[in-house]
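2 protein chains.
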Amino acid sequence: MTRVVCAQLAPRLLDLDANRAASTAAVEVAVAGGADVVVLPELVTSGYVFASPEEAATVAITAAHPVFADWATAVGSSGAVVVGGFCERGEDGRLHNSAAVVDATGVLAVYRKVHLWDREKLVFTAGTAVPPVVETVHGRIAVIVCYDLEFPEWTRTAALAGADLIAVPTNWPLFPRPAGEHAAEVVIAMGTARLNRVAIACCDRSGVERGQEWTEGTAIVDADGWVVAAAGPGEASAAADLDLTRSRDKSYTSLADAFADRRPELYAGVVAP
Amino acid sequence: MTRVVCAQLAPRLLDLDANRAASTAAVEVAVAGGADVVVLPELVTSGYVFASPEEAATVAITAAHPVFADWATAVGSSGAVVVGGFCERGEDGRLHNSAAVVDATGVLAVYRKVHLWDREKLVFTAGTAVPPVVETVHGRIAVIVCYDLEFPEWTRTAALAGADLIAVPTNWPLFPRPAGEHAAEVVIAMGTARLNRVAIACCDRSGVERGQEWTEGTAIVDADGWVVAAAGPGEASAAADLDLTRSRDKSYTSLADAFADRRPELYAGVVAP
Chain A
131 MTRVVCAQLA
141 PRLLDLDANR
151 AASTAAVEVA
161 VAGGADVVVL
171 PELVTSGYVF
181 ASPEEAATVA
191 ITAAHPVFAD
201 WATAVGSSGA
211 VVVGGFCERG
221 EDGRLHNSAA
231 VVDATGVLAV
241 YRKVHLWDRE
251 KLVFTAGTAV
261 PPVVETVHGR
271 IAVIVCYDLE
281 FPEWTRTAAL
291 AGADLIAVPT
301 NWPLFPRPAG
311 EHAAEVVIAM
321 GTARLNRVAI
331 ACCDRSGVER
341 GQEWTEGTAI
351 VDADGWVVAA
361 AGPGEASAAA
371 DLDLTRSRDK
381 SYTSLADAFA
391 DRRPELYAGV
401 VAP
Chain B
131 MTRVVCAQLA
141 PRLLDLDANR
151 AASTAAVEVA
161 VAGGADVVVL
171 PELVTSGYVF
181 ASPEEAATVA
191 ITAAHPVFAD
201 WATAVGSSGA
211 VVVGGFCERG
221 EDGRLHNSAA
231 VVDATGVLAV
241 YRKVHLWDRE
251 KLVFTAGTAV
261 PPVVETVHGR
271 IAVIVCYDLE
281 FPEWTRTAAL
291 AGADLIAVPT
301 NWPLFPRPAG
311 EHAAEVVIAM
321 GTARLNRVAI
331 ACCDRSGVER
341 GQEWTEGTAI
351 VDADGWVVAA
361 AGPGEASAAA
371 DLDLTRSRDK
381 SYTSLADAFA
391 DRRPELYAGV
401 VAP
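These protein sequence lines are chains A and B, in that order.
Take any residue in the first sequence, count from 1 to its spot, add 130: that is its number in our numbering.
Take any residue in the second sequence, count from 1 to its spot, add 130: that is its number in our numbering.
Hints in this document: simulated from the structure, not taken from any laboratory.
All of these numbers come straight from a predicted model, not from anything done at the bench.
Take the hints with a grain of salt, since some may be wrong.
Any copy will do: because identical chains look the same in the list, a pair fits if it lies in one copy or spans two.
[Claimed, not checked] With a straight-line cut-off of 20 Å between C-alpha atoms, the simulated SDA-like cross-links for lysine to any residue are:
#1 K380 x R224
#2 K251 x K380
#3 K251 x T188
#4 K251 x L385
#5 K380 x A291
#6 K251 x P308
#7 K251 x A181
#8 K251 x E365
#9 K251 x L238
#10 K251 x T383
Generate the whole structure from the sequences, applying the supplied hints.
Now the structure itself:
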């Protein structure tokens, strides 16, 4: 079993030092609790509600920033893997809404969000690379960020590439929903997990930022599509022990299989150009 | 507003006459209740649990069968459109798990299920055509069948083709689910509706057939992804008044749009060959 922990933190806008400390502490706590995979929110190092690209640039970092070394140190000898979002300054100075995959050895991969939500388009440059699928001792961990989850082409891409777990650092703005229902984004995660037969761990955030409230909808979803852990409101964690090997069996019955039953010859030129 | 009615019937296996009468009566009742769109279950004319192709062949019909004329007569001057499943005998004698779109003038379109579930593969030949999107006075109605819903490439195809409503005749075998949760297939419908911003009407069936129980999960889902009507257990109907024009607005905000934010240039060669 793989213990997946999502730490629903409340990043402080533009306060890199505070966020560095808080995110590292969250990794330490998760690892002390036996975490094998720790997922942190989107833009956990920087906060989200930037007024301008110039403001975001003040907290933009590269994968060489010491916050990632801190996470690696916090992982220590546990063997854990951390996935967390950050405001990245690219080689050309452009900003990206990125997520890093880190283990004790350092940064294993960086993914730049491809589907930018709303005003993110005014701040960030969208990524152009497919989600990384990182081979780890705990299985193959794919990374996408927030709104990426709402593009089934993208989650399918990660699943077809062999992901056992899709880690999704998110900042879900709060929207109304009917009583008794999961947040819409969680419903999407559940359906996506179910039809791809892949586990998904969405780590949302907490804390009102420039008036923006968040869903606080952190949810760990198993490969059958059911929520097996949620964080609830506030700064809280969700933890679940998942059998990630189940993500490698796409069969429902001896005659039905989520992947083998695809008809890619009929999809060409329709969902993709 | 468009009144969508799903009639969760209990077809009688191999009894074409009884199913013809029951499905026609259901259309009459729905139309009398103001239905603009009536969705009937998958294979409503034939039942589902065939022992063999030979057995299915005994109730296989073409689009010229009088059951569809009965539905057209039941529609009468109401302007309603009916979508219902049937066991189709193709021109070459092969069997298909199909659905017809019918109005007062007769059969407007026939769709052959592309993704065959489980033992259906032993009975039916899979379709090779994309879902029809039928222009009606009530909007553009697309048709897929049951397991097709679980292939996001396929629902995306229907949505990108301009569907305002995806009608889904289904026979959902009963599976266990956690207390308080929608059926997994309904969760998939909700997520699919949400991320495509399209309404979806799933008409399930009732009645135990050769020991097979059904989810009785009929659900009408709006373009925000919320269940606005369900049938509940037994032979029952779900009815909802939907503003299908909402399916034509894919925007979330002035800077976020479910379709415009797609990155098809990055999907090519990944989800489609």
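To see whether the hints hold, each was checked on the structure:
no., hint, verdict
1, K380 x R224, "neither (39 Å within a copy, 29 Å between copies)"
2, K251 x K380, "between (36 Å within a copy, 17 Å between copies)"
3, K251 x T188, "within (18 Å within a copy, 59 Å between copies)"
4, K251 x L385, "between (44 Å within a copy, 8 Å between copies)"
5, K380 x A291, "within (13 Å within a copy, 29 Å between copies)"
6, K251 x P308, "neither (29 Å within a copy, 39 Å between copies)"
7, K251 x A181, "within (12 Å within a copy, 56 Å between copies)"
8, K251 x E365, "neither (28 Å within a copy, 49 Å between copies)"
9, K251 x L238, "neither (27 Å within a copy, 43 Å between copies)"
10, K251 x T383, "between (43 Å within a copy, 12 Å between copies)"
When each numbered hint is compared with the structure, violations occur for hints 1, 6, 8, 9.
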